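Q: These protein sequence lines are chains A and B, in that order. Residue numbering for the first sequence follows numbering that gives the first Met the number 0, starting at 0 and increasing by one per position. Residue numbering for the second sequence follows numbering that gives the first Met the number 0, starting at 0 and increasing by one per position.
Just so you know, not all the hints are guaranteed correct.
[As the list claims (entries may be wrong)] With a straight-line cut-off of 20 Å between C-alpha atoms, the simulated SDA-like cross-links for lysine to any residue are: (1) A/K246 to B/A81; (2) A/K239 to A/A272; (3) A/K262 to A/E215; (4) B/K137 to A/G28; (5) A/K164 to B/A81; (6) A/K262 to B/G57.
Simulated from the structure, these hints should not be mistaken for lab results. This structure is a prediction, so every number in the text was calculated from the model and none was measured.
As a plain string of letters, each chain reads:
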Amino acid sequence: MYVYQDYDQRLLDERVAQFRDQTQRYLAGELREEEFRPLRLQNGLYVQRYAPMLRIAVPYGMLSSPQLRMLAHVCREWDKGYCHVSTRQNIQFNWPAVEDVPDILAALASVQMHGIQTSGNCIRNTTTDEFAGVNPKEIEDPRPWCELIRQWSTFNPEFAYLPRKFKIAVNAVPDEDPALIGVHDIGVQIVKNTAGETGFQVWVGGGLGRTPMTGELIGEYVPWQDLLAYLEAVLRVYNKYGIRDNKYKARVKIIVKAMGAEKFRSLTEREFADLQGGPMTLTTAEVERMRACFPTPAYDAIADMPAALQEALASNKAFSRWYHTNTRSHKQSGYRAVTLSLKKTGRAPGDITDEELDTVAELSDRYSFGEIRNTHQQNMVLGDVRQDQLFEVWQALDAMGLATPNFKLLTDIVACPGGDFCSLANAKSIPIAEAIQRRFDDLDYLHDIGELDINISGCMNACGHHHIGHIGILGVDKKGREFYQVTLGGRGDKISRIGDKMGPSFDTDEVADVIEKVVNLYVEQRLDGELFIDTYERIGMQPFKERVYDSAN
Amino acid sequence: MTQLIKDGALAENDWTRVGAEDSIPASGNIIVSLAAWQEQKVSLRNHDGQVAVCLEPGEEPEQIADDLADLPMIAIHFPAFADGRGYSYARELRTRYNYKGEIRAIGDVLQDQLFYLWRCGFNAFDIRADRDATAALKGLTDFTVTYQGDARDPRPVYQRT
Ligand code: SF4
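Only chain A is shown next, with the shape it has when bound in the complex (with noise of 0.2 Å):
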């Protein structure tokens, strides 16, 4: 991971000091609350439905076992004992108080994190493959690029008060978006060139929320040392001519779409020009510097499928099942990357208690060079554990309840806090992902189904990334009644796809029915090997809308 260095903590410390005397100031009402506003956001507070939620910085989802002990910690201290892993691989407390705050935010500090620029109009945590540094596939790993984003966009003095909120991704995976480059407002694809020196493709202006698009491409080829001084290029151009007068047009995906790829490009070309070999340039030395800080672990020389596995694998069926869903093949032979799903039935999705942080944080410390990843789909990741070792690894995981083997299945759901937290939502999403989970209670059918995405989001901000789900949800309302809306074919898997609506909402009460006739359907329709989204594809909406909609059927 990235080793703070002297000026890192300084900042932070210095951060902490600051919002300490911004929030005495506020509770003291010599800070209004719209000028406290943005100063909190920016400090990852905000005010919710019950309670503020204070949202915690993860980046690129990359967390220590000592980091983890403390948000354990906060949760016993400050909250009710729980956190939530969120879409954008951050941490979020649902129950602090306001006044506790700045303590909180002290105690995380002394492991380096915080909640910086997790919210407001601002450049938000950068986010990339949950599997950087051991997915086989990749080019390189990204996360060295990932860091270097981080500490150009942390407190850069320029980009603090955009029209809106800005996410950056990255993805070092050709021909797949593991890190959802399509649909962030910038996304970052490493390349290489012929010569085999590093490059990234720039897209902007994709998102999800009120108006979903994927991004345009905008950078052909940018050269490594560039990177920086052309993301500050884009930036300066959104700053400047992003819409501020209307917060459902404030995104750069607007602009992008409203004067035309072409322009944008034009108009990002002349700020690059002036940056462009100057002083943001990256050099050879800081770019190895941050490749040194994520080193190969000190791997041992084993084998694939060692004796203890292949034996495991045979004598114990439910093993079998995780190990051939919840784990993926690693870059290292004789390891692999285990998924520890936080979506068993009746756990609020991404919900993790200060227990199982706890324990988690000790087996990464045993098995896995004590580090941990978030996920986008809000499970956690223990990156390198030796083969030989899995199997005692999934029984203290299925001890917790962290072994649900549905890793990518239907009941991996993806959603977001919804009307049961947040302030914003038309309707609940955890109750729904609940009920649809217990309609698909048998493992076998389960496994029989196949990779299926669904995706959950209480309101068109779309935090569950309802549009990208092969089956998406969309809470809305519906004269004061809590209604569905039901999209199909949405990817965010290999290629990023905004989803087709399906028809008329439905009410609380008959979306697990809905989501049973389709995947009905879909078993019935089916040609050999076919996922949902390949069958969906290949025959369209119109036979899925009937059988819902048909109230013969």
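Knowing the structure of chain A, use the given hints to seat chain B with the ligand on it.
A: The following block gives chain B with the ligand in isolation, referenced to the frame of chain A:
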């Protein structure tokens, strides 16, 4: 009691802002709108006193690029502190146009934005009338270290030794 912070200390404000509707006074240091400047540039050059231009959000430095040598000060107006366009304008004046004169933030200018404004190249701050400028001074020293280069020091932290 002055509301002006200039170059890190309280300072007397001997400039008058002339609104778009107001007529130009006979003498004294004045801050005029971009429109007034563009229309009356010639006569303003003979004004008895100094003349500065105020940029509103949406009015870019490019529009006065050729006049910068004549302007001892550019004011950048923040109708609301959360409208961040002025940050880019100041940065552009300092780095693209190499402007050396005073850049003054006026309008909704508050303690908690001063550090970033200063980093973007503002060196004067006309603190909002209902706030104590002495207290606001603290906002200039919230941090002792920065990651990125800025209008003050173009080098990122790893280049400074
Ligand atoms: S999608 Fe809407 S309801 Fe859900 S967390 Fe985001 S803002 Fe709240």
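Q: With a cut-off of 20 Å on the C-alpha distance, tell me whether A/K262 and B/G57 pass.
A: holds (18 Å)
Q: Mind checking the alpha carbons of A/K262 and A/E215 for me, to see if they're no more than 20 Å apart?
A: Cα-Cα ~12 Å, so holds.
Q: Does the structure keep B/K137 and A/G28 at a Cα separation of 20 Å or less?
A: The hint holds at about 18 Å.
Q: Can the restraint linking A/K164 and B/A81 be considered satisfied, given a maximum Cα separation of 20 Å?
A: holds (13 Å)
Q: With a cut-off of 20 Å on the C-alpha distance, tell me whether A/K239 and A/A272 pass.
A: Answer holds: A/K239 to A/A272 is near 17 Å, not above 20 Å.
Q: Against the 20 Å threshold, does the CA-CA distance of A/K246 and B/A81 hold or violate the hint?
A: Judged against 20 Å, a Cα distance of about 13 Å means the pair holds.
No hint from the list above goes unmet by this structure.
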